[in-house]
Structures are given as C-alpha cells and as structure tokens.
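Enquirer: As a plain string of letters, each chain reads:
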Amino acid sequence: MIGKTTASMRKGISNALTYALLATLGTLWVLPIAYLVYTAFRESPSTGIINTLFPADLRLGFGNFARLFSDTIFTRWLLNTLLVATCSCALTTIFILMVSYALSRLKFKLRKPIMNVLLVLGMFPGFMSMIAVYFILKAMNLTNSLLALILVYSGSAALSYYICKGFFDTVPRAMEEAAILDGANQPTVFVKIILPLAKPIIVYTVLTSFISPWCDFIFVNTIISDRELYTVALGLYKMINAEKNSFNDNFTVFCAGAFVVGGIIVTLFMSMQRYYVEGVTSGAVKG
Amino acid sequence: MGNEKTKKRKSGVGVELVGAIKNGSFSTRLSFLFMGFGQMARGQIVKGLLYFLLQAAFLLFMIFFGWQYIAHLFSGDLGTKLSGEIWNEELQIFEKVKGDNSFLILLYGVVTLLLIAFFLIIWWVNVKGAYENDKKLARGERINTWKEDVRTLLNEKFYLPLLTPPFLGLLVFTVMPLVFMVLIAFTNYDYAHTPPGKLFDWVGFSNFKTLFSLSGGASGFAFVFLRVLLWTFVWAFFATFTNYFLGLVIALLINKKGIKLKALWRTLFVVAIAVPQFVTLLLMQKILDGDGILNKILGTNILWLADQRYFSLLPRVMIILVNIWIGVPYTLLMCSGILLNIPADYYEAARIDGASPVRIFMSVTLPYMLHVTTPYLITQFVGNINNFNVIWLLTGGGPVDNVYYGSGSQAQSTDLLVTWLYRLTTDQNPKYNVASVIGIVIFVISAALSLITYNKTSAAKGEDTFQ
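Residue numbers (this note's numbering), protein chains in the order written: chain V, 45 to 331; chain C, -7 to 459.
Don't read these hints as lab results, they were simulated from the structure. Heads up, a few of these hints could be off.
Said to hold, decoys possible - Calculated lysine-lysine pairs in the DSBU-like style (CA-CA distance at most 35 angstroms, straight line): (1) V:LYS182 / C:LYS190; (2) C:LYS128 / V:LYS156; (3) C:LYS127 / V:LYS151; (4) V:LYS156 / C:LYS139; (5) C:LYS149 / V:LYS153; (6) V:LYS151 / C:LYS139.
Stated by the list, open to error - To list a few chain C residues with every Cβ distance to chain V over 10 angstroms, as calculated: (7) LEU46; (8) TRP79; (9) GLN84; (10) ALA109; (11) TRP116; (12) ASP126; (13) ASN136; (14) LEU206; (15) TRP223; (16) ASN293; (17) ARG308; (18) PRO335; (19) GLY400.
Quantities reported herein were computed from a predicted structural model and do not represent experimental measurements. The beta carbon of each residue, even a glycine, is placed where N, CA and C say it ideally should be.
Could you put the whole structure together from the sequences, leaning on the hints where they help?
Expert: This is the structure:
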C-alpha cells in the first residue's frame, strides 16, 4: 500500500518536473515570436524597437499592416513571390520525381555513377557559383526577371532527389511487375502506380520547395536589382537594412510583413503537417 | 548488388572503339568521320540524319564561335585588347574601343568545353550504335526501325527522357558555374583585374600559395586560413550536436508517458519554424545588440555579439545558442517521428530487466536513434560547415579582428569559410580568385566527409531492404 503511494508520488513529481521544464523551454521558444507578433500589432508613435520587457503603451491595432500595404509595394512583392514559388515548386517537384523514379526503379548501367556524381555536385557551396550564375543569366539576357529566379531555384533540383528516392525504394516491386505483365509501359507504371503511392513524399517535396523562395534573400539580391521585382524576403530585408535609419523607421512594419509571411507558412504547415513528418521520417529512416 | 560488381565489363570505351575499327564494316568505320553513316547504310535513315545534322551543327559552331575561346583557354591568355579610347586622326576625336572581356572569354570557353564533351559522348554513341548494328547483322538479327527505337525510350530506356530535362538544368545552373569558378581559382581575377575595362589572366597555382603559405607578409593567409578552418569545424560540431541532443531530449520529454497535451507542447516549439530564418535572426541580432533589449533588461552593457576578448569567445557562444533556438524545432520534429518507430518490445525487455530511465535512454533510445539518424547527422554537419545565414545575419562574421583583417585577408573573427568566401566576392575590394580557392577547399572537405560516410552507412547498400 505504502509502496504504491510513494511510486505514484514519485511519478507525480517527475511529471511535474517535466511540465516545469517544458514550460520554461517553451517560453524561451515562444517569447521572441510573441515579441514579433506584438510588435506587428503595436500602435505607438515609435516605429523602432522597444527596449523594455513590459512596455507602458499597450495599444494594439492594424496600423502597421495598413502602412505595409499602402506605403510599400508589399502586395507586389507578395505576388512576385507567389508566382516564383508556384512555378519553381512545380518544376522542382517534377524534376525530383523524375530523377528519383529513374534512379530508384529503373536499372541502367550508369545508375550508380550518376548517383555518386549527384552526391558530389551537391557538396559545392552554392555561394561559390552565385556570381557565375549571375553572369550566365546575364549572357542569356535574363537578369532582373522573375523567370531567372524560377530557373535558379529549380535548376539544381536533381541534387535533392535523395529523400524521394528513399521513399520509392520502399515500394514493393511486385506491383509494377504485375502491371508490366499486363502490357503497361514504363510511363504508365510511373504515373498510374508509383505516383499515387507517393503522395506523402510529393506533398513533402511541394511544401519544402514552395517555402524556400519565401525565405531566400541572398540569391534574389544578386540577380534582381529592380525594386518592383523583389520577393518578400528581399523586400523585408532591405526594409530594415537599406539605409542608416531604416531600422528605426520601419521595424514595426517589418514585423507586420514577417507576420504575413509567417502566417502563410504556418497555414501551409498546419494543413500538411502529417505529410511533412511522414516525409522527413521516411527519408531519415532510409538515410 | 554483388552481380553488378563481379560482372564488371571488360569492354571499356577504348576497347570498344578499337574493336569497331578492327572488325567493323566499312560504313561503321566511315561513321568515325561522318556521324550517322553507319546508321543510314543500314536503313536507319532518320537516326542517321539526326546524327549527321548534329555533327554539321557542331562543326559550324566550332568554326564560327568555339575555336577562338578554346584557343584562349589553352594559349595562356584571356584576352589581350584593353578597352578604352583611341585617338582617331581622321575625325579628330577619341573613339571608344570595345576590348576583350576576360570574363566572357572564360565563360564562353567553358560553354564550348562542355559542348565538346557532350559532342564526344554523342559521337561515341554513334560509333557504338553502328558497330552494334554490324554485330547484330552478323548474328542474323534484325535492326531496329526508327519507330522501335522511339518505343524503347518508353520502356528499357525510359531513364533517358526522365533524366534529360533535370540534368540540363543541372548542367546550366550547377555544373557550368562550378567549372567556371574552379577555373577562376587559377586566374588573378580580383578588384584590380575586373572586366570590362581590365583583363585578368592565368596565374597557375599562385592563389593556392596565397591561401596556404605564410610567406610574403601580407600575401600569405595560412594563419588566418587555419583559424577560420578551425572555427568552422568547432562551430559545425557544436551546432550539429547541441541541436541534435536538445531536440532529442525535448522530444523524449514530450513523448513521456503521462504528459498531457502533447500536440500543444510540440506546436509551441514548432511554431518557430514558421517564421523565416532571416527574420528571427535579424530579430535576435537586434535583441543581442549592444544597446538592445537584453542589455536593457539585465541593466548591463555587454557586447554579446561583438566582444573581442578571448578570441571573441562570447560572440561564438552566443551564435551557437541562437542556433539552438533556430535548429531545435527541426530536430524535435524529426526525432519525435522516429521515436514512435522504436519497437515497443525493446523498452518492455529493458523494463523487465529493471533498467532505470537513464539506463534505458543510454542503451536503447540513443543507440537506436544514432543508428537511424547517422546520415542525417552527417548532412547536418556538412550543412553547418556551409551555414551562411546564422553567422552572416548575427555577426556578419565580425567582430573585426586585426589579426585577421590586417593581413589583407578580409576575414573576421567569427567567419566561417563560406562567409569569408562571400565577403571576398561582395566586398569593396573583391578577390574572386582567392574566394574560388576557398570554395574548392570547402568542397573537398564536404565531399570527403559525405562520401566516406555515405559509403559506410547502410543507405548505399540497403536499397532493396524494404521492398
């Protein structure tokens, strides 16, 4: 009897400790985000950063968002990013699926060498070639265009075939053999049999490739100089980094913009979280 | 798998070519010179014509465009004519003269080289095809018609249409820039030699000497290079493992039996992923700034990201701490997925043996996790070697340390190899040549690490395990 109570007490204490630890860590993780959200909705004469933990002026409102959409061309940047993200995500996904299918399901002589070459190519830091990429685009007369961004974001998609191939590797061969016996050719097997099974990995690929243009500002910065053609990331980055006082002038508006971008990403993640985790783990388990 | 190795073909490209010359028919031998001849002679008209047109196009390209750039690549100069103004005696004015642009000469040279390589492969396929036809006829077999050839593209050769478009993208946006930048490492392309207007030229290995030697005072970067390299490794190690273990521990805490609202706890951490990295990093930078919110709250005056004492120890630690904040949500997400996959009987057995929770963690959870996630850790490690954003947005590589900067290397104390490379290419006084050498070094390190582990882990061997 007594043993049982001490055991449950010990369990209670350990649970309480766990809760305390989780709450502390959780606060640490949420605090900066909360601060960002608060700043986005802050209504006060100062547009800069507030350096106190408990600000005196607690008025909230949508003023920063109004400024974001009226004083800057944020809408334009949003549309640019949406276009670039949609196109590059479609291209990337198609490329990755094609490469993964070929390397996973088809047998040909150069398969292993190609896999090794792709692995090695993926090792070069992207920054190293950024300037060369810029000049290649310039030679093609493509700098300062959204098409250039789409091409750059999806051009090297083949290098990230790895997770998707790991997934294809786990699909039983028996299914396609049956189809081939029935006279199906390879494209039919690919589209009708393998792709429907690969839904989690497709969603995962779509999600990751859709999100990356929303976060990159380095490549955009090199390729695009026309302010009208910025993506949201570069627009926001420049908003507080362009001139000397831009930080104090624009910080609240910057936070409002970050809130919008974050909102879009959260919505996507929430609706597809299940697939995302499945995708990550299926790739991870396979290595 | 075993088959693939033991069956290693004895017929290399060379053997096959010699065979085609020795034993091939007349038309096969002729297709060495005139592509497509072997095919046309055997009735494969369309295929033969395509080969022929390709050869014609290639030759025209080389004559009117390619050869001059190839000549430049191998003759040891990248343009001789400077652009500028020349006095025109007749018109009594200065005329602008467009000189050579070393950059474009090199770029077109690379394009030409790649096209030549591509052409050689097609040429080899053409000869081989003609020779195959000979062999088929000798065996009394029928030669494929054009229609049949096309049909193989949807069956045995389906990999060709699948791989071609992605690989074209790869060629233009990865391979070409890479070859180009590797070549830059052997030139003197820097601020003083920036086209248009100036020319740059081949200098052999002198950039490598600059980076790896101590000699010549301002010209030797070896000391700086070693310090940056060391910090890159220290950073990558701590960044990878702090994230991993903290993520794992939090995942375990959330997964613990009896903890309620698991989804809520997880969301609390995962929300951090939603905000783009550059936003949180800029925010953190402002919080940790000399007159930022943290100092105001603590009432202190600490330069969190700019303190130079003890080899800039404080900024380094802060970078790693901020990186924990950024990275843990990702590892948490991954670990909690994998933790659910650990077979329950492992835990059951351990519990029956009376193992303590710590013991269970050390001998069941951790080994399993490490086993499953080794490839992930390696990619993380390599990713951290190249982790540009965190360093660049937090400290910008700084604080500026005279030991580094003074010698002309432009490196700063928290610079990784990549941020150093970036600064060298975007600075007021760019040194593209040295930047390229650094890029090659980064590549060698990452490639060596990845290839070794890739071949050692089960991933490469166990492709069929789950089928």
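Enquirer: Evaluate each hint against the coordinates.
Expert: Status of the hints after comparison with the structure:
no., hint, in the structure
1, V:LYS182 / C:LYS190, "19 angstroms, holds"
2, C:LYS128 / V:LYS156, "28 angstroms, holds"
3, C:LYS127 / V:LYS151, "24 angstroms, holds"
4, V:LYS156 / C:LYS139, "30 angstroms, holds"
5, C:LYS149 / V:LYS153, "11 angstroms, holds"
6, V:LYS151 / C:LYS139, "23 angstroms, holds"
7, LEU46, "21 angstroms, holds"
8, TRP79, "32 angstroms, holds"
9, GLN84, "36 angstroms, holds"
10, ALA109, "13 angstroms, holds"
11, TRP116, "13 angstroms, holds"
12, ASP126, "21 angstroms, holds"
13, ASN136, "16 angstroms, holds"
14, LEU206, "25 angstroms, holds"
15, TRP223, "16 angstroms, holds"
16, ASN293, "13 angstroms, holds"
17, ARG308, "20 angstroms, holds"
18, PRO335, "13 angstroms, holds"
19, GLY400, "21 angstroms, holds"
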